[in-house]
Amino acid sequence: NKNKKILIKTDGNNVIGMGHLYRCIILAKELKKRGFEINFLIPKNKLIEKKIGSLGICNFTNNNQNTEINIIRKTNPDIIFIDLLKKYFLYNEKFWTEIKTICKLLITIDFNGKELKYVDLAFNPLFNTTHKAKKNFSEIKYCPIRKEYQKERKKFKISKKVKSILILQGGADTKCFIPKIINVLKKIPNEIKITVVIGSAFKCKKEMNLIIKKNEREVTVLQDIKNMASIMKNKDIIITSAGVTLIEILTIGVPSIIITGDKHELENANRIANKKAAISLGYVKNVSQKILYETVEELIQNYNKRKALSRNAQKISDGKGLERIIKIIEKKI
Numbered sequence: 001n002k003n004k005k006i007l008i009k010t011d012g013n014n015v016i017g018m019g020h021l022y023r024c025i026i027l028a029k030e031l032k033k034r035g036f037e038i039n040f041l042i043p044k045n046k047l048i049e050k051k052i053g054s055l056g057i058c059n060f061t062n063n064n065q066n067t068e069i070n071i072i073r074k075t076n077p078d079i080i081f082i083d084l085l086k087k088y089f090l091y092n093e094k095f096w097t098e099i100k101t102i103c104k105l106l107i108t109i110d111f112n113g114k115e116l117k118y119v120d121l122a123f124n125p126l127f128n129t130t131h132k133a134k135k136n137f138s139e140i141k142y143c144p145i146r147k148e149y150q151k152e153r154k155k156f157k158i159s160k161k162v163k164s165i166l167i168l169q170g171g172a173d174t175k176c177f178i179p180k181i182i183n184v185l186k187k188i189p190n191e192i193k194i195t196v197v198i199g200s201a202f203k204c205k206k207e208m209n210l211i212i213k214k215n216e217r218e219v220t221v222l223q224d225i226k227n228m229a230s231i232m233k234n235k236d237i238i239i240t241s242a243g244v245t246l247i248e249i250l251t252i253g254v255p256s257i258i259i260t261g262d263k264h265e266l267e268n269a270n271r272i273a274n275k276k277a278a279i280s281l282g283y284v285k286n287v288s289q290k291i292l293y294e295t296v297e298e299l300i301q302n303y304n305k306r307k308a309l310s311r312n313a314q315k316i317s318d319g320k321g322l323e324r325i326i327k328i329i330e331k332k333i
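Under my numbering, think of the first position of the sequence shown as 1, with each following residue one higher.
Treat the hints as calculated values from the structure; they're not laboratory data. Each hint should be verified, as a subset may be incorrect.
What the hints assert, rightly or not - Derived lysine-lysine pairs resembling PhoX-like cross-links, with alpha carbons at most 25 Å apart:
| # | residue 1 | residue 2 |
| --- | --- | --- |
| 1 | Lys307 | Lys141 |
| 2 | Lys4 | Lys307 |
| 3 | Lys205 | Lys193 |
| 4 | Lys213 | Lys175 |
| 5 | Lys141 | Lys290 |
| 6 | Lys307 | Lys275 |
| 7 | Lys276 | Lys307 |
| 8 | Lys157 | Lys320 |
| 9 | Lys4 | Lys104 |
| 10 | Lys87 | Lys134 |
| 11 | Lys104 | Lys134 |
| 12 | Lys33 | Lys4 |
| 13 | Lys205 | Lys187 |
| 14 | Lys187 | Lys226 |
| 15 | Lys117 | Lys94 |
| 16 | Lys275 | Lys226 |
| 17 | Lys320 | Lys147 |
| 18 | Lys50 | Lys33 |
| 19 | Lys51 | Lys175 |
| 20 | Lys214 | Lys186 |
| 21 | Lys141 | Lys213 |
| 22 | Lys332 | Lys132 |
| 23 | Lys32 | Lys147 |
| 24 | Lys104 | Lys147 |
| 25 | Lys134 | Lys100 |
| 26 | Lys147 | Lys275 |
| 27 | Lys86 | Lys276 |
| 28 | Lys50 | Lys205 |
| 29 | Lys29 | Lys226 |
| 30 | Lys155 | Lys315 |
| 31 | Lys233 | Lys315 |
| 32 | Lys4 | Lys320 |
| 33 | Lys147 | Lys233 |
| 34 | Lys276 | Lys157 |
Please put together the full structure from these sequences, using the hints given.
Here it is, written out as structure tokens:
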């Protein structure tokens, strides 16, 4: 792989979330280990640059189609990797025809659009696609996550008594639902510890702190955790969104309650809930405090249900998506 260039186009903020960016960081680290030269194509954003600057060359875009085509042509990558949803990627077909002439291999992740006809490898671990690339991989097992989740799943065991609950809504919590979840959990027994993890794109810290102060309930707030697996493994229940974080939780096997921050996540949430690997309450704006409290309370009391959720979760996600994607790329290149 020496001297092979990869250009990764992605983005992350409090509107689209941080999952795309985090996946690309995981992929970039592994590809760099294997000798690839890493290039990024990202918006001018200090937060993103700080997270990926050490991994490769950062090329900045003003989200202009022609500008990006010129940057890609100048970089001349062997592989172009695009990790963005279709609704955040509004370039016309010319963009795809142009970049396809530049690279040897065009790859997308969780992209669904007619432009997939130009794509060599399409990975869709979170969302099914109505369009097809030359080769398609549409299962959860192709979701790239860090290897430490595989280690923690081997040691994880369900406790008969719930002692801790973790609240996660992605790195951004785009609908600012964390404060409401904390408010609901004020009713559960005080001996159950509550932990919240937020990312650097989280914009509701003031509201969250006011709720914590008002409830007079001890809540541990952690930000920008580097090793989430070490936090998750010690929790008995996790309240989460339905993005990449959910796949990490399933891999370890922690019983989880899903509240989707965006409607497009409902597909993934329902797919996992139908396999009885998690409980899905649906879209955030339709979730009442009463329903959330009752669901948490039931899970606290029902050891057998938590045990079944954990068992089913580990069945559908083994945490080896990163290795699968890298193997397919290397074989193709």
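Structure-based check of each hint:
| no. | hint | in the structure |
| --- | --- | --- |
| 1 | Lys307 with Lys141 | holds, 22 Å |
| 2 | Lys4 with Lys307 | violated, 46 Å |
| 3 | Lys205 with Lys193 | holds, 20 Å |
| 4 | Lys213 with Lys175 | holds, 21 Å |
| 5 | Lys141 with Lys290 | violated, 34 Å |
| 6 | Lys307 with Lys275 | holds, 14 Å |
| 7 | Lys276 with Lys307 | holds, 11 Å |
| 8 | Lys157 with Lys320 | holds, 20 Å |
| 9 | Lys4 with Lys104 | holds, 11 Å |
| 10 | Lys87 with Lys134 | holds, 22 Å |
| 11 | Lys104 with Lys134 | holds, 13 Å |
| 12 | Lys33 with Lys4 | holds, 12 Å |
| 13 | Lys205 with Lys187 | holds, 21 Å |
| 14 | Lys187 with Lys226 | violated, 31 Å |
| 15 | Lys117 with Lys94 | holds, 13 Å |
| 16 | Lys275 with Lys226 | violated, 30 Å |
| 17 | Lys320 with Lys147 | holds, 7 Å |
| 18 | Lys50 with Lys33 | holds, 20 Å |
| 19 | Lys51 with Lys175 | holds, 23 Å |
| 20 | Lys214 with Lys186 | holds, 10 Å |
| 21 | Lys141 with Lys213 | violated, 41 Å |
| 22 | Lys332 with Lys132 | holds, 18 Å |
| 23 | Lys32 with Lys147 | holds, 16 Å |
| 24 | Lys104 with Lys147 | violated, 28 Å |
| 25 | Lys134 with Lys100 | holds, 13 Å |
| 26 | Lys147 with Lys275 | holds, 24 Å |
| 27 | Lys86 with Lys276 | violated, 29 Å |
| 28 | Lys50 with Lys205 | holds, 21 Å |
| 29 | Lys29 with Lys226 | holds, 14 Å |
| 30 | Lys155 with Lys315 | holds, 15 Å |
| 31 | Lys233 with Lys315 | holds, 17 Å |
| 32 | Lys4 with Lys320 | holds, 24 Å |
| 33 | Lys147 with Lys233 | holds, 14 Å |
| 34 | Lys276 with Lys157 | holds, 18 Å |
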